[in-house]
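**Q** Take a look at the letters that make up each chain.
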Amino acid sequence: MADQQEARPFVFSEEQRELRAAVRRFAADNADEQTVRRLMESEPGFDPKAWTRLGSELGVLGLSVPEEQGGVGGTLVDQAVAVEELGAALYPGPVFGTVFLAIPALVAVSDGPVRSELLGPLVEGARTAAVAVADRAGAFDPAAVTVQATRAGDDWTLSGTVERVVDAAAADDLLVAATGPEGVALFAVDAAAGGVERTALTTLDLTRRQATVRLTDAPARLLAGPDEAERVIGHALVVGSALLAVEQVGASQHLLDLTVEYAKGRLQFGRPIGSFQAVKHRLADMLVDLEHARSAAYHAVWALGDGSDDPALAASIAQGTASEAFARIAADTIQLHGGIGFTWEYQAQLYYKRAITDAALLGSAEQHRARIARLVLDTASGEGAPSIATG
Amino acid sequence: MSTAADSSRVADAARKVVQEHDPTSVPTREFLAACFDAGLSWVHFPEGLGGLGVSRGLQAVADGILQDAGGPVPFALNPIGYGMAAPTLREHAQTDELKREWLRPLATTEHIWCQLFSEPGAGSDLAGLATSAVRDGDDWVVNGQKVWTSLAHRARWALLLARTDPDAPKHKGLSYFVVDMKGPGVETRPLRQMTGQAEFNEVYLNDARIPDAHRLGAVGDGWRVAMTTLMNERSSIGASGSRRGTGTIADAVALWASRPDLHTPVLEDRLTKLWLRAEAQRLTSERSRATATVGGPGPEGSVGKLVGAELNQQVYEFCMDLLGPEGILYDDYTMRDMERTDDWRGPLQQRFLRSRANTIEGGTSEVLRNILGERVLGLPGDLRADAGKPWKEIPRG
Numbered sequence: 001m002a003d004q005q006e007a008r009p010f011v012f013s014e015e016q017r018e019l020r021a022a023v024r025r026f027a028a029d030n031a032d033e034q035t036v037r038r039l040m041e042s043e044p045g046f047d048p049k050a051w052t053r054l055g056s057e058l059g060v061l062g063l064s065v066p067e068e069q070g071g072v073g074g075t076l077v078d079q080a081v082a083v084e085e086l087g088a089a090l091y092p093g094p095v096f097g098t099v100f101l102a103i104p105a106l107v108a109v110s111d112g113p114v115r116s117e118l119l120g121p122l123v124e125g126a127r128t129a130a131v132a133v134a135d136r137a138g139a140f141d142p143a144a145v146t147v148q149a150t151r152a153g154d155d156w157t158l159s160g161t162v163e164r165v166v167d168a169a170a171a172d173d174l175l176v177a178a179t180g181p182e183g184v185a186l187f188a189v190d191a192a193a194g195g196v197e198r199t200a201l202t203t204l205d206l207t208r209r210q211a212t213v214r215l216t217d218a219p220a221r222l223l224a225g226p227d228e229a230e231r232v233i234g235h236a237l238v239v240g241s242a243l244l245a246v247e248q249v250g251a252s253q254h255l256l257d258l259t260v261e262y263a264k265g266r267l268q269f270g271r272p273i274g275s276f277q278a279v280k281h282r283l284a285d286m287l288v289d290l291e292h293a294r295s296a297a298y299h300a301v302w303a304l305g306d307g308s309d310d311p312a313l314a315a316s317i318a319q320g321t322a323s324e325a326f327a328r329i330a331a332d333t334i335q336l337h338g339g340i341g342f343t344w345e346y347q348a349q350l351y352y353k354r355a356i357t358d359a360a361l362l363g364s365a366e367q368h369r370a371r372i373a374r375l376v377l378d379t380a381s382g383e384g385a386p387s388i389a390t391g
Numbered sequence: 001m002s003t004a005a006d007s008s009r010v011a012d013a014a015r016k017v018v019q020e021h022d023p024t025s026v027p028t029r030e031f032l033a034a035c036f037d038a039g040l041s042w043v044h045f046p047e048g049l050g051g052l053g054v055s056r057g058l059q060a061v062a063d064g065i066l067q068d069a070g071g072p073v074p075f076a077l078n079p080i081g082y083g084m085a086a087p088t089l090r091e092h093a094q095t096d097e098l099k100r101e102w103l104r105p106l107a108t109t110e111h112i113w114c115q116l117f118s119e120p121g122a123g124s125d126l127a128g129l130a131t132s133a134v135r136d137g138d139d140w141v142v143n144g145q146k147v148w149t150s151l152a153h154r155a156r157w158a159l160l161l162a163r164t165d166p167d168a169p170k171h172k173g174l175s176y177f178v179v180d181m182k183g184p185g186v187e188t189r190p191l192r193q194m195t196g197q198a199e200f201n202e203v204y205l206n207d208a209r210i211p212d213a214h215r216l217g218a219v220g221d222g223w224r225v226a227m228t229t230l231m232n233e234r235s236s237i238g239a240s241g242s243r244r245g246t247g248t249i250a251d252a253v254a255l256w257a258s259r260p261d262l263h264t265p266v267l268e269d270r271l272t273k274l275w276l277r278a279e280a281q282r283l284t285s286e287r288s289r290a291t292a293t294v295g296g297p298g299p300e301g302s303v304g305k306l307v308g309a310e311l312n313q314q315v316y317e318f319c320m321d322l323l324g325p326e327g328i329l330y331d332d333y334t335m336r337d338m339e340r341t342d343d344w345r346g347p348l349q350q351r352f353l354r355s356r357a358n359t360i361e362g363g364t365s366e367v368l369r370n371i372l373g374e375r376v377l378g379l380p381g382d383l384r385a386d387a388g389k390p391w392k393e394i395p396r397g
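So the protein lines, in turn, are chains A and B.
The first sequence: position 330 = 330 (UniProt numbering), numbered continuously.
The second sequence: position 130 = 130 (UniProt numbering), numbered continuously.
If you're looking for bench data, these hints aren't it; they were derived computationally from the structure.
Among these hints, one or two may not hold up.
Each computed SDA-like pair below joins lysine to any residue, with the alpha-carbon atoms no more than 20 angstroms apart [as the list claims (entries may be wrong)]:
id	chain 1	residue 1	chain 2	residue 2
1	B	LYS273	A	VAL114
2	B	LYS273	A	ALA312
3	B	LYS273	A	TRP344
Selected chain A positions facing chain B (Cβ under 7 angstroms, derived; list incomplete) [stated by the list, open to error]:
id	residue
4	GLY270
5	GLY274
6	SER275
7	SER381
8	GLY384
9	ALA385
Covered by chain A, per the in silico footprint, the following chain B stretches (three or more residues, Cβ under 8 angstroms) [to be verified]:
id	stretch
10	303 to 311
11	367 to 376
All figures in this text were calculated on a predicted structure; none of them were measured in a lab.
Heads up, the beta-carbon is just placed ideally off N, CA and C, and yes, glycines get one too.
Chain A on its own, in the form it takes in the complex:
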């Protein structure tokens, strides 16, 4: 996985297959359903010791961090392999805040002491992070920034409120976009510092928590000035969108496997319900949606790595496809399980809530389609249009 060379799109290397197996074993040991349920109903919502092992022993939290920044110098595909398996297990941990957004943002920041200081502990799983940047449909909009930055000499303080920040309640570091005298910049705030108030929110998906972050003259350190903040945040959002899509694929595959097994074993009218075409055809449609989401998500992580596609378009294709697929597959999982699928005790509800949450994060499928329309339809040519019979 330290292989710098970008392999052929869609073809995983032997190392990547081993990585997948290792993360799957970790998830089986640390995120079985019972553990997930216990953690989601206790504080801080995940197991910090397991998180540290994920970072230090398995080393899968910052796989695409370049070697010169202290990482293993893998690719985004390596990171995606780990994310897919964590998604399949519904792993409760600050994957979204730390792996999807904070680490990619820090990697994109120009070299500096603050970055080096933050990146290492995040990659090792010693600390966790949340990114307090309100996105507009998975893209950065400076006009949506609600925090003000004030400078006094070399020191900065931030004031303002950011609503619904994923993984913020337990985070050690907050990356915050704030408007200063020269424009929007990206800052690092130690969550334990004075002036930082976090209000945990009860979320639809208890395995993916949120908090409202209120900053009152909170001490901050500059990470990316106005000259590069937009690029840095944009990069993080695009990488985050691609990784989120891969997580959606991992969870969808888990649900399809679960539902197929159920349809084979559940007997009604003296036969397995999977032998009825009404059930079988719904499962076939789930398979098609999953295969499409997988192709779109993998394309995005490969294209972001090798530059073979417009990053924004690739990310929107992935999110537009995977958000809808996961939500539909999760809903169909409940439907095909019948009554048991609607109970608290059965796992379908956990995945359904993750599906609805993931679909809403970093832009909905509808918002990504709107972006695709701007990128593709608005630039299309009418040349070669079919003739129209005129009677």
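Given the coordinates of chain A, assemble chain B onto it according to the supplied hints.
**A** Same frame as chain A, now just chain B:
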């Protein structure tokens, strides 16, 4: 597995053909004959039979060079021949001599091929077909009616599936033959479809004689042979354009771009959804090509056929809804035979009507969902009323 050496061998052969037989100046048949002789018709076939014995994936290397130089897309000229007959003949014809005898004129398009499978009484349940083949000395005598046969009126040869044992269960009593379409007892009549054209035919077989040497596979083993043909058919129908935005979706996008006066937000999202689905399917085809470890088309071809067929319909439904009242005119319902296989790409309204067949031909979407459910997901089959029964005792109608 393909190697770099194989790849350059294919590329060298293709460049040599193009150099010695400039496709922009020599007749198509001569060019395609040169391709066959150089082993570029189906690179994974054995040498001497239109191939080089290399990985199937390297066909793209050959096609790229040949077509960039202005060469034809042979599949478009002889679709049943290239897509279905060739792999079936290569695998099942009785002698290498016969293989060569059939494959070379097939490759040059001198001999067009068609397939005699569907019958009025056997569509999705193809294995229930009734056309009979009875052994008579060294020959078989065939009687029955086939339907939905494209290109029958131009075909020199046909792939035929017929019943040789009515007492056996339906899948066990079939045999597979090659029929001379110009021989006695074979009558072809055009079949008019809802577009007004006759793209397909009915073929009546009255005491048509086939030499036993033209049987493919063992007597009673026709179903297995037919599977070679059908899996190839699905993967060829399911193969979508390899560049983003090509294929049927290009029609809708170009029409959209040419008619800004008709844009509405609701229609825009509908078109974007279609574009996204076409793109996801294109990436899926790319992924399945990249990860294919074995040469033959598998059940994943069924995903492409299922999605492609439904997308075609939705694309043209979108175009019609965009045009509104302008769309409800037609060019010409005069009955006419289809001379070229791409004639259906006429005016939009004709493409719209034609797309209704996409979810029926080459495996209905219902059957394809069964295949995905049973062969890919491993779900149990439906209860069958005809299981194990001798074919002649199965109710038909």
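**Q** Now, for every hint given, state plainly whether the structure supports it.
**A** Structure-based check of all given hints:
1. About 43 angstroms separates the Cα atoms of LYS273(B) and VAL114(A), which puts this hinted pair outside 20 angstroms; it is violated.
2. The hinted pair formed by LYS273(B) and ALA312(A) meets the criterion: a straight-line CA distance of about 17 angstroms does not exceed 20 angstroms.
3. A threshold of 20 angstroms between alpha carbons decides the hint, and for LYS273(B) with TRP344(A) the separation of about 34 angstroms lies outside it, so the pair is violated.
4. The beta carbon of GLY270(A) comes no nearer than 10 angstroms to any beta carbon in chain B, farther than 7 angstroms, and the hint placing it at the interface is violated.
5. With a cut of 7 angstroms, the hint placing GLY274(A) at the interface with chain B holds, because the nearest CB-to-CB distance is about 4 angstroms.
6. The criterion of a C-beta within 7 angstroms of any C-beta in chain B is met by SER275(A), whose closest approach is roughly 4 angstroms, and the hint holds.
7. Of the supplied interface hints, the one on SER381(A) holds, with its beta-carbon coming within about 6 angstroms of a beta-carbon of chain B, less than 7 angstroms.
8. Contact between GLY384(A) and chain B, as hinted, is supported at the beta carbon level, the nearest pair being about 5 angstroms apart and thus within 7 angstroms.
9. Using the Cβ-Cβ criterion of 7 angstroms, the hint placing ALA385(A) at the interface with chain B is satisfied: the shortest such distance is roughly 4 angstroms.
10. For the stretch 303 to 311 of chain B, the assignment as covered by chain A holds, since 3 residues bring a beta-carbon within under 8 angstroms of that chain's beta-carbons and 3 suffice.
11. Counting residues of the stretch 367 to 376 of chain B whose beta carbon lies closer than 8 angstroms to any beta carbon of chain A gives 7, which meets the minimum of three for the stated coverage.
Of the hints listed earlier, those the structure fails to meet are numbers 1, 3 and 4, in rising order.
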